[in-house]
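Colleague: Starting from the known structure of chain A, arrange chains B and C on it as the hints suggest.
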Amino acid sequence: MSITENRPLIQMQNVNKFFGDFQALKNVNLEVRKGERIVVCGPSGSGKSTMIRCINRLEEHTDGHIVIDGNTLTDKVKDINAVRREVGMVFQNFNLFPHMTIVKNLMIAQQLVRNTSKNDARETAMFYLERVKIPEQAQKYPIQLSGGQQQRVAIARALCMKPEIMLFDEPTSALDPEMINEVLEVMVDLAKEGMTMICVTHEMGFARSVADRIIFMDLGEIVEEAAPEEFFDNPKSERTKKFLSQILSH
Amino acid sequence: MDVLAGWWDDYFWGAVVVGKVFFCSLALMIIFGLLGAMAKLSNSRVAQKIAGAYTVVFRGTPEILVVLLLYFGSAVVLTAIAQVFNPEIKFVDVPPFWAGTIAISIIVGSYATETFRGAFLGVHPGSIEAARALGMSDLQTFVYVRIPEMWRLALPPFGNHMLSLVKDTALISIIGLNETMFVAKQAITVTGKPFTMYIVVGAIYLGFSTVVTLFVMGAEKFGERTTVGAK
Amino acid sequence: MSFDLQLIIESLPVMLMGIGITFKLLVISGVLGLLLAICLLLMRISGLWYLNIPAQIYIYVFRGTPILVQIFIVYYGLPQFESVRESIFWPILREPTGCAILALSLNTGAYVSEILRGGVLGVDKGVLEAGSALGMSAHQKFIYITTPIATRLALPAYSNDVISLLKSTALASTITIADMTGIARTIVADTYAPYEIFISLAVVYMIFTFGLQKLFGIIEGYLGQYTKRE
Chain A
1 MSITENRPLI QMQNVNKFFG DFQALKNVNL EVRKGERIVV CGPSGSGKST
51 MIRCINRLEE HTDGHIVIDG NTLTDKVKDI NAVRREVGMV FQNFNLFPHM
101 TIVKNLMIAQ QLVRNTSKND ARETAMFYLE RVKIPEQAQK YPIQLSGGQQ
151 QRVAIARALC MKPEIMLFDE PTSALDPEMI NEVLEVMVDL AKEGMTMICV
201 THEMGFARSV ADRIIFMDLG EIVEEAAPEE FFDNPKSERT KKFLSQILSH
Chain B
1 MDVLAGWWDD YFWGAVVVGK VFFCSLALMI IFGLLGAMAK LSNSRVAQKI
51 AGAYTVVFRG TPEILVVLLL YFGSAVVLTA IAQVFNPEIK FVDVPPFWAG
101 TIAISIIVGS YATETFRGAF LGVHPGSIEA ARALGMSDLQ TFVYVRIPEM
151 WRLALPPFGN HMLSLVKDTA LISIIGLNET MFVAKQAITV TGKPFTMYIV
201 VGAIYLGFST VVTLFVMGAE KFGERTTVGA K
Chain C
1 MSFDLQLIIE SLPVMLMGIG ITFKLLVISG VLGLLLAICL LLMRISGLWY
51 LNIPAQIYIY VFRGTPILVQ IFIVYYGLPQ FESVRESIFW PILREPTGCA
101 ILALSLNTGA YVSEILRGGV LGVDKGVLEA GSALGMSAHQ KFIYITTPIA
151 TRLALPAYSN DVISLLKSTA LASTITIADM TGIARTIVAD TYAPYEIFIS
201 LAVVYMIFTF GLQKLFGIIE GYLGQYTKRE
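Residue numbers (the working numbering), protein chains in the order written: chain A, 1 to 250; chain B, 1 to 231; chain C, 1 to 230.
Just so you know, these hints were derived from the structure itself, not from any lab. Be aware that one or more of the hints could be misleading.
To be verified - Below are the EDC-like pairs computed for lysine to aspartate or glutamate, each with C-alpha atoms no more than 20 Å apart in a straight line:
| no. | chain 1 | residue 1 | chain 2 | residue 2 |
| --- | --- | --- | --- | --- |
| 1 | C | K125 | A | E59 |
| 2 | A | K162 | C | E129 |
| 3 | B | K20 | B | D10 |
| 4 | A | K242 | A | E224 |
| 5 | A | K76 | C | E129 |
| 6 | C | K228 | A | E136 |
To be verified - A few chain C residues that don't get close to chain A, going by computed Cβ distances all over 12 Å:
| no. | residue |
| --- | --- |
| 7 | R63 |
| 8 | S137 |
| 9 | I143 |
| 10 | Y144 |
| 11 | M206 |
| 12 | Y226 |
All C-beta atoms in this analysis are idealised placements derived from N, C-alpha and C, irrespective of residue type, glycine included.
Bound conformation, chain A alone (with noise of 0.2 Å):
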């Protein structure tokens, strides 16, 4: 464990991910400090849901060194338990639990692997239910809701594990666009909170007002990293120009 406020989280090395004769992450270098807001972009099949993953294990990389917060992520359950009590996500389908309510979608968690009361769980379940705003739909099952209330509840639902770190793998691709704001709004107040956050997303204002650096992958590399003045008016990489120009023009 670390004293300092500003260690490091996440340490990717030279990690390589393939999918059978697939190579989807090749070399991916990584290091993300407490506290910092990583967004992450590049095309489709680009790596980035796949190099966010591999962080909380929901894939295993090839070969190369994944330390998060000191725990070096190898194929004992022990190892990536402990990874994953410190690492929240949240899904584009926001995969909610369609059988429980959703104040029990928060608790069950929390209850299971953090062994809390139930009276506990149900108060923190609360606490963030009001934070994203929808405490009154706690008794309801996630089909009754709609897609930015689903996803602001998974959001909470990651939330309630107290985790370091949140990762968010394309949180409002799957949302019609009206929905879009209210998840963003609650990811900005989470990220004003100074919670460290992996980000991977096709929202660029977003990116741009709130990213401390924003990542470009492309094929399977991290192709530039910089802040986002920088990327946005400065990138270097041909590459990076022609994703840039090919999702702004609209």
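Modeller: Okay, now just chains B and C, sitting in the frame of chain A:
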């Protein structure tokens, strides 16, 4: 295993009978199934109700009962008819082969009705519209668009119906069909080895099931050749 | 040839005396079969080849052979072995009812395990990933996520199988059991009126089937509460 010596040919011919029942009942099952499906999909309320009754009755009645009813029932009817012409006749026998084959075709046909109906409904309306827009006639649309999509959708459950036909054949032994179960019964009285004899029956049926399953797997691959891949 | 209503009125009560046996066969075989199915399912999804393969072989054999053959093997076939006749199970295996229950359980267990497996495979992978990401163990995910969702998914197919089981109980009549079908066959042999007897019996089975469908409809409604958008 030499207790089985001498019985292999009988089992073989019994298996041939199972095969004959299978092919005859398969043809009938497809006919009943298609008729039922078309009745349910038609605009006639009467046809829909009749087809509805058909599926409810034969999916809710034990197969053995239908076999017995058809066998004894048709014997009664035929005897009554024959007695009109020749009062001397006491009893007209009905070949168990036909009573049984028709019985199981009717039963599995009621399940096939639902399968075919679902498959027809599963054909993309877009494909039909495209065919109409291109000026194809109803018959052409049916043959070149509906049927190809429909049989691919129906194939997995249809495979199960074929397996049902294979297995239901054993029921026909109860009314005296000379297939493998029947052979086993005779073999038992001679050899006194019921377990062995019935295991052979089981193995023969398992063989038939395996062939049918492999055929269905092959047909699914064939169907996928032209449809899977375009994403 | 007339339709003898009087005969039906006299025979129905007699046939219905067999309903107790039919019911007993259905419930006991159903429960035992379900337990067996759960064991087979766990073997199938365990990931261990020495559990998975035997389970697959069992399911293949029992789904690939007629239930009638299975009944005959248990009732007529097992007594061939002295070890069976001298075992502690003999009192059960000597009786046709015990044999019928055994055969029906073994058979339905194979079918139901595949139905349950279909339910398990139908659980959204994303939802399971969410469980992983939250730190839930494989064990916890199976109990709190997979089982509730898979049960609801498997229910329609399971209800069909229970109805099949009901129909299979009629085969018990072939090994001398006096269930409804057994009694009916005796009556037909005496009166030679297959239409009246078998048709009225068929109606009884259809009513029974209808009742089962309604029952499962209620269960499906209850389990599926969380799928309604209202």
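Colleague: Now, for every hint given, state plainly whether the structure supports it.
Modeller: A quick look at each hint next to the structure:
| no. | hint | verdict |
| --- | --- | --- |
| 1 | C:K125 / A:E59 | holds, 14 Å |
| 2 | A:K162 / C:E129 | holds, 19 Å |
| 3 | B:K20 / B:D10 | holds, 15 Å |
| 4 | A:K242 / A:E224 | holds, 13 Å |
| 5 | A:K76 / C:E129 | holds, 18 Å |
| 6 | C:K228 / A:E136 | holds, 19 Å |
| 7 | R63 | holds, 30 Å |
| 8 | S137 | violated, 7 Å |
| 9 | I143 | violated, 9 Å |
| 10 | Y144 | violated, 6 Å |
| 11 | M206 | holds, 34 Å |
| 12 | Y226 | violated, 4 Å |
Of the hints listed earlier, those the structure fails to meet are numbers 8, 9, 10, 12, in rising order.
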